[in-house]
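K.L.:
Chain by chain, the residues:
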Amino acid sequence: MKVLVAGVSGKLGRKTALALHARGHQVAGLDRRPWPDAPAGLEIHAIDVRKRPAEDVFRRFRPDVVVHLATMAQLSLHAGSEDQLRQNLGSTRAVFDNCHRHGVRRAIFVGRHTFYGAASDAPLYHTEDEPPLEVASFPALADLVAADLYAGSAFWRFPALETVVLRLCYTLGPSRRGTLASLLQGRLVPAVLGFDPLFQILHEDDAAVAVALAVEKRFRGVFNVAGPPPLPMSRVARQAGRRLVPLPEPLLRHVLGRYGFTGLPAAALSHLKYPVVIDDRPFREATGFRHERDADRAIDDFRLGEAGAFPLP
Amino acid sequence: MHPDVRRRVERLDVAFDPHGFDRYGASREALGLFFTALRPFYRRYFQVRAHGLEHVPARGRAMLVGNHSGGMPIDALMVMASLFFELEPPRLAHGMVEKFVAPLPFVGDIARGVGQLTGLPEHALRLLGDERVLMVFPEGVRGTAKLFPQRNELVRFGTGFLRLALQAHAPIVPVACVGAGNAVPTVANAGRLGRAFGLPYVPLTPYLLPLPLPARIELYYGAPLTFPGDGNEDDEVVEQHVETVKAAIAGLIREGLGRGAA
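So the protein lines, in turn, are chains V and D. Residue 211 in numbering that gives the first Met the number 0 sits at position 212 of the first sequence, and the numbers go up by one each step. Residue 3 in numbering that gives the first Met the number 0 sits at position 4 of the second sequence, and the numbers go up by one each step.
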């Protein structure tokens, strides 16, 4: 099949493109960020998916399936401009409009499990039918939530397009990129005193296989994608060789982004207090997906990646 | 960790991963420490006697439905302890915890570590679907807020638990706790003081502090009750079933009082 990966230069974009290529698909990629040493056999275009030249790629390559990975989590301490806060929505609109216009058969939107939000009164295992709980309290997440819901609108706007919305849990591995990798970046990992939330961690190589399976199968709908059972944050930090520094919440707000602590928006603290754990049974049933690497392997590979043992592909 | 507790944790009907965590965040270590701490209270301080434990299914889903009686949910802790220490093999009772618990630092995590999740329909259905034992106190905070003279009476039951039992096709095992109201003889509830700590109230006793006295506690388990339906019945139908459960618990309380329990 001809598969176009939007957001191909990111962590999961590269892994997905390589996994699809290895499974015998013809793969092209779009990303405004370069992938200078992309392996031969992949057709990489350094183009912003929201810009008009991206449409030329759709026109010429004529993909059967499009994977939309061109979204970003705005979790930096200082949220960007209004335009930046809408980039996920903009890219999602561009991808789905192009899919519709150019006869794409199947579109996979890869979103995040943080869609559901972290709240004390939320169920431990989120299912796909639940609404997003945190849009008002976490503006930096709102754009991603909107993009996820907007992607879902393709179910009725473009009924001929087989639309799939995936909500992936945290992914981790040798690339050392992603939300969880950022949290574990420094030697000191901030924690809220008295809270040890559960984290679901999927190895990034398993995540790429999950996306590839979604490309190849013929189902449609919204699916959570997770891997091994969740682990408490303290256990994750210990395995990663990090020192968890639990501080009372008001003090933690003050030190974030200072004294060697990772910068996080204040609203992200709810994710350090309450778990966002997802139920992935429907996805496993629809695809037969099984993770091959446990959470320890993902964390160990993250550590080894630190030592340069796994350069990004 | 007490050696007997360690052995029992190993035999629980809980699938722990290699790190000792189950999929709901309960951990071998937390359960071990928790039941080690609970053991002297169960065996000696409250000298708990549990009757009718044969009514708790040895395996598979079940919903334990009980009464609250005094100040704090000591009754829930003792029901958990009775299933853990008396059943062969032991079973873990998963309580449905009030929503104010999860945001409390440390307390929320400890609760989760010993299998006690926030009282949400999603949690109840998931745990029952996983063939676990659910522990429900339909009186909720209204129940723990009972004052000493009302300790052996029942207040209004919610109906949500019964719809969930119907939906999950789970048998309801009624359980009466007699004596916990003597352990914390509440004379008044301090609402404002409680809210300052994120609690609905703080029970006040004649000796002011809400510390439990060494009162004898008895647990009476009744025969399982099953009702026809799938949880979509009219309120009147469900309320009738709730009354049946409530009457069963009231009967067990009377039986306990008749036998000379507190």
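Derived by calculation from the structure, the hints in this document are not laboratory data. One should not assume that every hint holds.
Claimed, not checked - Quick partial rundown of chain D residues pointing at chain V, CB under 8 Å, derived from the structure:
no.: 1; residue: F20
no.: 2; residue: A101
no.: 3; residue: D108
no.: 4; residue: R125
no.: 5; residue: G128
To be verified - Cβ-to-Cβ under 7 Å is the rule here; a few derived chain V residues that face chain D:
no.: 6; residue: P122
no.: 7; residue: D128
no.: 8; residue: G193
no.: 9; residue: L197
no.: 10; residue: P228
no.: 11; residue: T261
Please read these numbers as outputs of a predicted model, since none were measured by experiment. Idealized CB from N, CA, C, for every residue including glycine.
K.L.:
Does each hint hold? Answer for all of them.
P.N.:
To see whether the hints hold, each was checked on the structure:
1. F20: This hint holds: D/F20 lies near chain V, its Cβ roughly 7 Å from the closest one there, short of 8 Å.
2. A101: With a closest approach of 4 Å, the D/A101 hint holds.
3. D108: Holds. Min distance 5 Å.
4. R125: holds, 6 Å
5. G128: violated, 11 Å
6. P122: Since chain D brings a Cβ to about 4 Å from V/P122, closer than 7 Å, the hint holds.
7. D128: violated, 11 Å
8. G193: holds, 2 Å
9. L197: holds, 5 Å
10. P228: Holds. Min distance 5 Å.
11. T261: Cβ of V/T261 sits 21 Å from chain D, so the hint is violated.
Going down the numbered hints, you'll see the structure goes against 5, 7, 11, while the others check out.
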